[in-house]
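S.K.: Listed below, chain by chain, are the residues.
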Amino acid sequence: MKELSETNHCERAQDLVAYLYGEASEPQARSFEHHMAHCSACAAELEAFGHVRASVGAWRAEALGSLTSPALAGAFAPAAQSASAAARKPSALAALREFFALSPLWLRGATAFAALTLCALAVFAAVKLLEEPRFVIVEKVVKQGPTQAEVDAMVKTRVQEQLAARSQREEEASVQPQQAAAPAPVRKPALITASMTGNSGVASRRANVQRRSRPSVSAQESEQIARDLQLIPTRDDDDLPRLIDLMDEAN
Amino acid sequence: METVTSDEQMVERALAGDADAFGEIVRRWERRIFALAFGMLGREEEARDATQETFLSAFRNLRGFRGEAKVSSWLHRIAINQCITRQRRAKVRGETALEDEAEGRETGYLAPAHLSPARTAESRQRTEIVRRAVEALPAELRQVVVMKEFEELTFQEIAEALDLPLSTVKSRLYTALRQLQMRLQKVASEV
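One line per chain: the protein sequences are A and B, in this order.
Here the first sequence is numbered in our numbering, starting from 1 and rising by one per residue.
Here the second sequence is numbered in our numbering, starting from 1001 and rising by one per residue.
Quick caveat, the hints were computed from the structure, so don't treat them as lab data.
Treat the hints with caution; some may be incorrect.
[Stated by the list, open to error] Partial list, derived from the structure: chain A residues whose beta carbon lies under 7 angstroms from chain B:
id, residue
1, Trp59
2, Leu243
3, Ile244
[Unchecked claim] Computed footprint of chain A on chain B, listed as stretches where at least three residues anywhere in the stretch have a Cβ under 8 angstroms from a Cβ of chain A:
id, stretch
4, 1005-1012
5, 1178-1185
[Said to hold, decoys possible] Reference listing, derived: stretches of chain A covered by chain B, where coverage requires no fewer than 3 residues with Cβ under 8 angstroms from a Cβ of chain B:
id, stretch
6, 11-18
7, 109-122
No residue lacks a Cβ here, since even glycine has one placed at the ideal position from N, Cα and C.
Using the sequences and the hints given, assemble the complete structure.
M.R.: Structure, rendered in structure tokens:
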């Protein structure tokens, strides 16, 4: 490598660089070659710069040759990727294939087993549906009616029951005048409470109801019943001592 | 016959909502931007980060691209700015690639596998000398060298990317080559 002086005394430095990198036009190149024949400084520089270029080129080739490019293109088109993925919807078969290709073995086995089970269940259900008659309800609803003999027996039984009931009612009617003197048993209404005592309106209504339901009860009996039910006040409310009087007495 | 969509058309598509279009731009340019960042920064991880930041910045400012310059020039300008910013930050933190080397960390270079251990060591040493020499250049000279040597851009493309006159690019490259030659000559004499 030729040693260069600190400064170049030639003014054709730019032509030198253009010639070195092959960017000089044909006339410029011929002109510079003619110049170099007489300029030792330019000739020395051209040779020295050639060595520099070779060294830098070697560094570039070695350094970049062992490096991988960043591969950034994918990072700048995530939206495009998703959009294009949405645009090209894979077929069901392709999706299934992709799934089986990417899934682990156990997942593939489990999926296959589940699919087979579902298929078997579907087939079983279809077979059962085809075997069974469709109108089961109709068959259950339609029944044969009773026979003529059964109808006759039922009529006979019913007639006998009616006759027996009539004779019993006649017997009871003949016995009733003898029992008129005795008080009739009165069932105490469950809903009547002590708070209703003294309520004459309610009592009269009750009496009317009882009178309507039992028309054979006499006035005496009604009074007795009312007394038993405590519907008639035995003591006037005015007779009750007032609370304030009791308090005065206590003081 | 298949027609190749230009970078400018891809930007128009990206602006119109074609999310794939910017991905295509990245695919076209990421390798070269990465090479530029690696040449400027000298560290693989830094270069990766700078490349990513470059495309992120471009994506964010896509609407600001007016089409006056080429997309490639626009991307290079962003990348250069990213690298310069990173170098400034590293300088503030007192970090350099050489410090990484002193700490025994990998700086990204792997020697070819077919070389013997002695040749590998020699190759590595030579490469390291060149890397240090390039790294020692001022930023405005280094970016020109890297764009020319790593990306093989034309003078015109470099001028457009850096928004410089063509003559300035040539003179900067000439100065950069002279400085590199001096440094390499000095190291060679020391060895």
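S.K.: Does the nearest C-beta of chain B fall within a distance shorter than 7 angstroms of the C-beta of Trp59 of chain A?
M.R.: 4 angstroms, holds
S.K.: Return the status of the interface hint for Leu243 of chain A: holds when the least beta-carbon distance to chain B is below 7 angstroms, violated otherwise.
M.R.: This hint is violated: Leu243 of chain A lies away from chain B, its Cβ roughly 93 angstroms from the closest one there, beyond 7 angstroms.
S.K.: Has the stretch 1178-1185 of chain B got at least three residues whose CB is nearer than 8 angstroms to a CB belonging to chain A?
M.R.: With 6 residues closer than 8 angstroms to chain A, the stretch 1178-1185 of chain B meets the three-residue bar; holds.
S.K.: Are three or more residues of the stretch 109-122 of chain A within 8 angstroms, CB to CB, of chain B?
M.R.: violated (count 0)
S.K.: Can we keep the Ile244 of chain A interface hint, with Cβ of chain B closer than 7 angstroms?
M.R.: 95 angstroms, violated
S.K.: Cut-off 8 angstroms, C-beta pairs, minimum 3 residues; does the coverage of the stretch 11-18 of chain A by chain B stand?
M.R.: It holds, with 5 qualifying residues against the three required.
S.K.: State whether the coverage of the stretch 1005-1012 of chain B by chain A holds or is violated, taking the criterion as 3 or more residues with Cβ-Cβ distances under 8 angstroms.
M.R.: violated (count 0)
Consistency note: the structure conflicts with the earlier hints numbered 2, 3, 4, 7.
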